[in-house]
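Colleague: Dock chains B and C against the given chain A, drawing on the hints supplied.
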Amino acid sequence: MSVPPAAFLAAGTILFVIGLVGALLKRNALSIFLSIELMMNAVNLLFLTYGRMRGDPSSHVIVFFVIAIAAAEAAVGLAVFVALFRSRQTIEVDRVNLLKW
Amino acid sequence: MTSLWWIPVLPLLGFVVNGAVALASSSRRARRGERGGPLPYGERLFHGLVGVGTVGASGVLAFAALVPWTQQSLAGGALPVVETVFRWMFAGDFSVDVAFRLDALSALMLSFVTFVGTLIHLYSVGYMQEEEGYGRYFAFLNLFMFAMLTLVLGANLPVLFIGWEGVGLCSYLLIGYYYDKDFAVAAGKKAFVVNRVGDVGFVLGIFGVLALFGTTDFSFLEAARHQIVSDTAPLSVYAVCLLLFLGACGKSAQVPLYVWLPDAMAGPTPVSALIHAATMVTAGVYLVARTSTVFVLAPDAMTLVAWVGAGTAIFAATIGLAQNDIKKVLAYSTVSQLGYMFLACGVGAFAAGMFHVFTHAFFKACLFLGSGSVIHAMHHEQDMRKMGGLAPRVPQTFRTMLVATLAISGIVPLAGFFSKDQILGSVAAAGQWTLYAVGVLTAAMTAFYMFRLVRMTFAGEFRGTHEQEHHVHESPATMTVPLWILAAGSAVAGFIWVPFGVSSLLPRFLAPALAEVPEHEMSHGAELGLMALSLGAAIAGIALAVRWYTGRPAPEHAAHKPAEEIVVSPAAAAFCERTGALGTMIKNKWNVDEGIEAVVLGPFRSIGRFLWKGFDALFIDGIANASAFLVELTGDLLRFFTTGNVRNYALGFTLGVLFLVAYALFR
Amino acid sequence: MTAELLLFAFAAGLAIAFALAMVVEKTPVRSVLSLVVTFFGITVLAVMLAAPFIAAIIMIVYAGAILVLFLFVIMLLNLNEEAREKDSRPVQRVLGLVSALALGGLLLGLTLRAGKPPVEPSALPGRIPALDEIPLVGRLLFSDYLFAFEAVAVLLLAAAVGALILSRRRMD
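Those protein sequences? They're chains A, B and C, same order as listed.
In this text, residue positions in the first sequence follow this note's numbering: the first is 1, and each later residue adds one.
In this text, residue positions in the second sequence follow this note's numbering: the first is 1, and each later residue adds one.
In this text, residue positions in the third sequence follow this note's numbering: the first is 1, and each later residue adds one.
By construction, these hints were calculated from the structure, which means they are not laboratory data.
Keep in mind the model is a prediction, meaning the values are calculated, not measured.
Please note that the accuracy of each hint is not assured.
[Said to hold, decoys possible] Partial list, computed: chain A residues near chain C (C-beta under 7 Å):
| id | residue |
| --- | --- |
| 1 | Leu15 |
| 2 | Val76 |
| 3 | Val82 |
| 4 | Val96 |
[What the hints assert, rightly or not] Label-pair restraints from in silico Cβ distances:
| id | chain 1 | residue 1 | chain 2 | residue 2 | range |
| --- | --- | --- | --- | --- | --- |
| 5 | C | Leu164 | A | Arg88 | 16 to 22 Å |
| 6 | B | Ala628 | A | Ile69 | 42 to 48 Å |
| 7 | B | Glu632 | C | Gly162 | 21 to 27 Å |
| 8 | C | Ala160 | B | Ala628 | 47 to 53 Å |
| 9 | B | Glu632 | C | Leu76 | 42 to 48 Å |
| 10 | B | Ile623 | C | Leu164 | 52 to 58 Å |
Built from N, CA and C at the ideal position, the CB exists for glycine as well.
Only chain A is shown next, with the shape it has when bound in the complex (with noise of 0.2 Å):
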């Protein structure tokens, strides 16, 4: 085809990167949290390419798990915030220092 597969990782990557910055410099956990969604979907992506490339259908597998994890994931993590919330009524992720020195 004609699309090299190069595009294909480039744009995984990029997609991974802007990821990982929204999870460093976002306060709000929540937007953290889609952030590392965005990470995980991209990693999809380049697990995806790689497979194409290898001919290798075992990454539709790894795929399949990952989805399934971030699954659970998300649902204890939000989970967590819910409680953080009904405790310390923010979820602003500075306010959450206690663990501190």
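Modeller: For chains B and C alone, coordinates are given in the frame of chain A:
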């Protein structure tokens, strides 16, 4: 014939049984709060039966084994009986078995060790009956018999060493029997530590023997008597002999390793009799006799042995002249007599040395047990200045002790005369006239201080307190019967070797086990003259003692004065004044203990203190503290990383991944 | 300029643009919605990579369930705009940005270096073998990756139970 190994094992069983029962009983009494006081009759009976019974049975077995063997040996020669129990160590060519050996030397030792040992066990039944630690006493005494018999029956040096260490341990345990008395505990430790110094030499000597001959087995050492090992450097043989002799000095209390023996008198008197007179202290002589084939290869070493023996003999005799504690006199007398035995071995008369070991066991044990009887009668008074006039009050003790004292003084026809004369005769025949003179002088002193002891204790008027006077009584039969038996032994034991061809049972018997030494011949006339000389010296000593120590009249108010102020013999006191500084030195035992304290112990303590305060506290603790401090410091510095902020942690991740990727990319 | 290239450019550009939007947006709701569009772009790219099943899964599970869950939580917690206070940690922001960009650069270099396919592109089938994918994946799931499959099922159970417990109201 039953196995040889039953002979040591029976007392071992006695130890286990007595020990277990004593432990159980004492913990039961402690729980019930019944501390102090003698044990009930049933327990005493049990402990006594087991204690005396096992040793007695062992003795019966011993005699059953050695009597026929002895007869055969004297008749036409008998081979040593070696019985291997199990294989102990092996590495390549080298192997050591736990094995027991019955030959002339071990048969001789076995005979009197079991005989005297059984008598002393019997004596202890009466002597120790007031003691709460009765069971413990008999347990340890049985353990001692086990160790001593292992020592005597051992077929090679390592097994002998097991017994050697065992008797040292039991010595410590029994000297410190009165564990609530500080000086007894200290004496036990002193005995063990000083022994240890000798043991270093002994162990190194065993290694040396192994290096020289490739084996430590006595059969080989005996076989070696027929060939001189010519390719070994004389210096190494000399060194090995010195090392073995060092071990013997420790165990047999020769100068300077004798200091433990007088202090060991802190233990119960039967212990002093058994261990520090009759058996353990003779182990050193036994060792030298056993390895005689090695010693004859190093004549210089033998000279050293002779001189150390003679020097110790006279040195200890001088101290014995001024001692006032009845047991201390006997202790120094033991050291002195041991010196005689080594003197004999040193001039090549190993058989004469063993002869003196044999006779000494009888009369010294009799003397110690007799002194125990006296102490018992005087209600634990041991200072002779507080005694006097006891002859009519404890007649059996007096008579038996008199016999033993005559024996040790070398009066014919008692045992000591023959053995001492044999030694002095051999010394003279070897041409060692200085040593001979020392020996005769020592004999005179021995007679003097022994009769001084007898006179101060039994003659004249009583100098003790009135309560003591009321208490004085003869000892029970369990104590007097052994005394009579030992006195009889002191009288007749000498007849196994009478010169001029009257009886040479012992030298013929021992010859196969000892090294062959060229005989020095002396004419009958010369020999007779020397006998008269030593007899004369002894009689002179006795006469002086009898004259000076009449004990009559008793000093004024002696009953009320403390012992230190009583002067029993004004003549002796005057003589002491005239000798001035020399007399003071003798009274102070030549300040040997103080010397050791200053020269050896003091520096050791200083080094120890330095290592403790300087090295350990500062340096090693410093390292530990510094490392702890470093950890704390690092922690203090690193804790700033735990900000509690999740974003910082995420940043950390990112930086880490960055470095990893960079590394992977630019490797 | 083939149609594929055009399609790729469109999808990739869409995804990246809205990803940036998501990061920049202050309101949580708008972030979520931007992310949905991003996912749509990724879905298209997945189809182009001969993974239609996965593409459908992404759309259904990711965009359809997970992001909806996010929306629920936002509404539950009644989150408004992000507070406009100044960031108390400027160092974090700067360092974060710099390191992320650096990492991105490196990763880009890494992936592009590895971007040379072992198999010649022309050898790959031009058409998307859509009908082959599902049986293939299914067969793999239930043979080689069976244990992982079952384990993930248990994981989901655990997550569900955990979420339940965590978000319970305290029994005061």
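Colleague: Please write out, lowest number first, the hints stated earlier that are contradicted by the structure.
Modeller: Numbers 4 and 7, in rising order.
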